[in-house]
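Counting from 3, one number per residue, gives the positions in the sequence shown under my numbering.
Hints listed in this document are in silico derivations from the structure and should not be mistaken for laboratory results. All values reported here derive from a predicted model rather than from experimental measurement. Do not rely on the hints blindly, as some may be mistaken.
Unchecked claim - What follows is a list of derived Cβ distance ranges for each label pair:
| hint | residue 1 | residue 2 | range |
| --- | --- | --- | --- |
| 1 | TYR6 | SER58 | 26 to 32 Å |
| 2 | SER4 | TRP79 | 18 to 24 Å |
| 3 | ILE48 | ARG86 | 35 to 41 Å |
| 4 | ARG28 | MET54 | 20 to 26 Å |
| 5 | GLU87 | LYS57 | 16 to 22 Å |
| 6 | GLY5 | ASN85 | 27 to 33 Å |
| 7 | ARG28 | GLU87 | 16 to 22 Å |
| 8 | GLY59 | TYR80 | 15 to 21 Å |
What the hints assert, rightly or not - Straight-line distance between alpha carbons at most 20 Å, and here's what the computed SDA-like set of lysine to any residue pairs gives:
| hint | residue 1 | residue 2 |
| --- | --- | --- |
| 9 | LYS57 | SER4 |
| 10 | LYS29 | GLU87 |
| 11 | LYS29 | TRP79 |
| 12 | LYS57 | TRP12 |
| 13 | LYS29 | LEU75 |
| 14 | LYS57 | TYR8 |
| 15 | LYS29 | ARG86 |
| 16 | LYS29 | GLY17 |
| 17 | LYS29 | LYS57 |
| 18 | LYS29 | ASN85 |
| 19 | LYS57 | GLY5 |
| 20 | LYS57 | TRP79 |
| 21 | LYS29 | VAL40 |
| 22 | LYS29 | ARG84 |
| 23 | LYS57 | GLY17 |
| 24 | LYS57 | LEU7 |
| 25 | LYS29 | VAL44 |
| 26 | LYS29 | TRP63 |
| 27 | LYS57 | ARG86 |
| 28 | LYS29 | GLY67 |
| 29 | LYS57 | LEU73 |
| 30 | LYS29 | LEU7 |
| 31 | LYS57 | VAL40 |
| 32 | LYS57 | VAL71 |
| 33 | LYS57 | TYR18 |
Backbone N, C-alpha and C fix where the C-beta goes; we use that ideal spot for every residue, glycine too.
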Amino acid sequence: MSGYLYTVIWFLLAGYLIYVTVTRYRKPMMFVLSGFMVFLGVWELINALTPMDLKSGVYGWIYRGVALVVLVLCLIWYFVMRNRE
């Protein structure tokens, strides 16, 4: 049951980020974060609908790898923007 709750939360956050990105900010990093939230929502939905556990084994490493790549991109973007000011 909690898998569906996480799915709804990720999709709500993704929808909000997409809305804010399209209407206000239009920064490339916001598009990356919006896509990441969609990825998390789809991952949770597939995890809830299938009998496989997508957060363990090889699939868990893929999940963590994507999260690590997005985290590194966010940190790079943060330090680049911080040094511009």
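- prompt: Under the criterion that the straight-line Cα-Cα distance not exceed 20 Å, is the pair LYS29, LEU75 satisfied?
  reply: Roughly 13 Å separates the two Cα atoms, so the pair holds.
- prompt: Does TYR18 lie within 20 Å of LYS57 when you go C-alpha to C-alpha?
  reply: violated, 25 Å
query: Between ILE48 and ARG86, does the beta-carbon spacing fit 35 to 41 Å?
result: holds, 39 Å
field: Straight-line alpha-carbon gap LYS57 to TYR8, limit 20 Å
entry: holds, 13 Å
field: Status of the given 16 to 22 Å range, CB of LYS57 versus CB of GLU87
entry: violated, 38 Å
Consistency of beta-carbon spacing, MET54 to ARG28, with hint 20 to 26 Å: violated, 37 Å
task: Please work out if LYS29 and VAL40 have their alpha carbons no farther apart than 20 Å.
output: Roughly 17 Å between the alpha carbons, so the hint for LYS29 and VAL40 holds.
task: Take the C-alpha atoms of LYS29 and ASN85, compute the straight-line distance between them, and say whether it is at most 20 Å.
output: holds, 17 Å
task: Decide if the proposed pair is consistent with the structure: LYS29 and LEU7, CA atoms, cutoff 20 Å inclusive.
output: violated, 29 Å
Satisfaction of hint between LEU7 and LYS57, Cα-Cα up to 20 Å: holds, 16 Å
message: Given the hinted pair LYS57 and TRP79, is their Cα-Cα distance within 20 Å?
response: Answer violated: LYS57 to TRP79 is near 28 Å, above 20 Å.
- prompt: Has the given pair, LYS57 with VAL71, been kept, meaning a C-alpha gap of at most 20 Å?
  reply: holds, 17 Å
Hints 1, 2, 4, 5, 6, 8, 17, 20, 23, 25, 26, 27, 28, 30 and 33 from the earlier list are contradicted by this structure; the remaining hints agree with it.
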